[in-house]
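Put together the whole structure using the sequences plus the hints.
Listed below, chain by chain, are the residues.
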Amino acid sequence: MRTTAHGSTHRRALAICWPIVVAATVGSFGCAGARARVVATSAVFPVSMSPAVRDTDGHILMEKNLVKVGDFTLRFTSVTMLWQLIPLSRMKHDISLEVDKQVKAVNGEAVVNLSLHVRNNGWNTWNALIVGWGVFPGYAKFEVTGDIVRRR
Amino acid sequence: MRTESDAHFQKPMRVAIAGRQGMAVSVIALIVLSTACVSQVEVKAANTGIPVLLSRIDRINSPNPQAGCFSGGSKGQKAIDVKVAHTSIIAQYGSTEVQDASAVVDATILATTLGNPETNVCVDSLTASTRAVYWVFGVLDRTMGWLKAHPETAQKGDK
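Taken in sequence, the protein lines are chains W and R.
Offset between the first sequence (1-based) and our numbering: plus 366.
With the first letter of the second sequence counted as 1, position 44 gets the number 35 in our numbering; the numbers rise by one all the way through.
These are computed hints drawn from the structure, not numbers from a lab.
A virtual CB, placed ideally from N, CA and C, is assigned to each residue, including glycine.
A couple of the hints might just be wrong.
Reference excerpt, derived from the structure (chain W facing chain R, CB under 7 Å, subset only) [as the list claims (entries may be wrong)]:
#1 Pro385
#2 Val387
#3 Ala406
#4 Pro412
#5 Val413
#6 Ser414
#7 Met415
#8 Ser416
#9 Ala418
#10 Arg420
#11 Thr422
#12 Ala471
#13 Asn473
#14 Glu475
#15 Ala476
As structure tokens, then:
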């Protein structure tokens, strides 16, 4: 009799607690994947996320003052595991060398309209929801794009 | 008339119902929260005339780093015209709209104000704390803007 009552209480506690546990676990799914810090601190050329860049004398140059001479594109993948706690690739991506190389190649003077596009992927969802609940490595693809320009 | 057998069957029934409710809650939570797992984030600043720099070199043909953060400019004091396209709006500050809902992107963004290099402003990445500050400033800014637009309400409050 005592065993039955204890079992019933146990079942009831389970019925109340397991949704909370599942919700908490699901809440951590959002942390699965990867992250990266993108910088261009040592680039020789100015790299702007807006269409504007300063001229040598400090004046703002907009699109009408600039001519596009090429596209800047850089793709990389960032990998982490255990809900991004353990990085398996570089977290800080310095794009300076690639900027210098691509700008020089087309005889440009600056990069404008730089944008950073991050795509999550099916594996992260699979990893987070079914296979590893975010414990296994996840990754994200980063695409940095921009316009290589020079003054008119 | 309740019998002993009815009472016997009601307990498991309640547990089953609680289980179904829990399942429903979990499924909804799963759908809502898993959207974070399939998100795409795009960071750009295409709608501003202010240079938003990732490089320390802030002008063409300049041999020396001159961007705000590295020449004594203030850091993280003011949101600038950085637009981050994503699913939800985190903050609005003045004419600036900062949108971000993901920790995936942590780009370092240096910005200089238009026409006045001495008051350069630096926004150092879209971290959670930065977003929280933007949010607070956004709420304050909107409140002040609303009060300015409705001075009669502000005067009533003073009385």
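Hint-by-hint comparison with the structure:
no., hint, result
1, Pro385, "3 Å, holds"
2, Val387, "9 Å, violated"
3, Ala406, "4 Å, holds"
4, Pro412, "5 Å, holds"
5, Val413, "4 Å, holds"
6, Ser414, "5 Å, holds"
7, Met415, "4 Å, holds"
8, Ser416, "4 Å, holds"
9, Ala418, "5 Å, holds"
10, Arg420, "4 Å, holds"
11, Thr422, "5 Å, holds"
12, Ala471, "17 Å, violated"
13, Asn473, "13 Å, violated"
14, Glu475, "5 Å, holds"
15, Ala476, "5 Å, holds"
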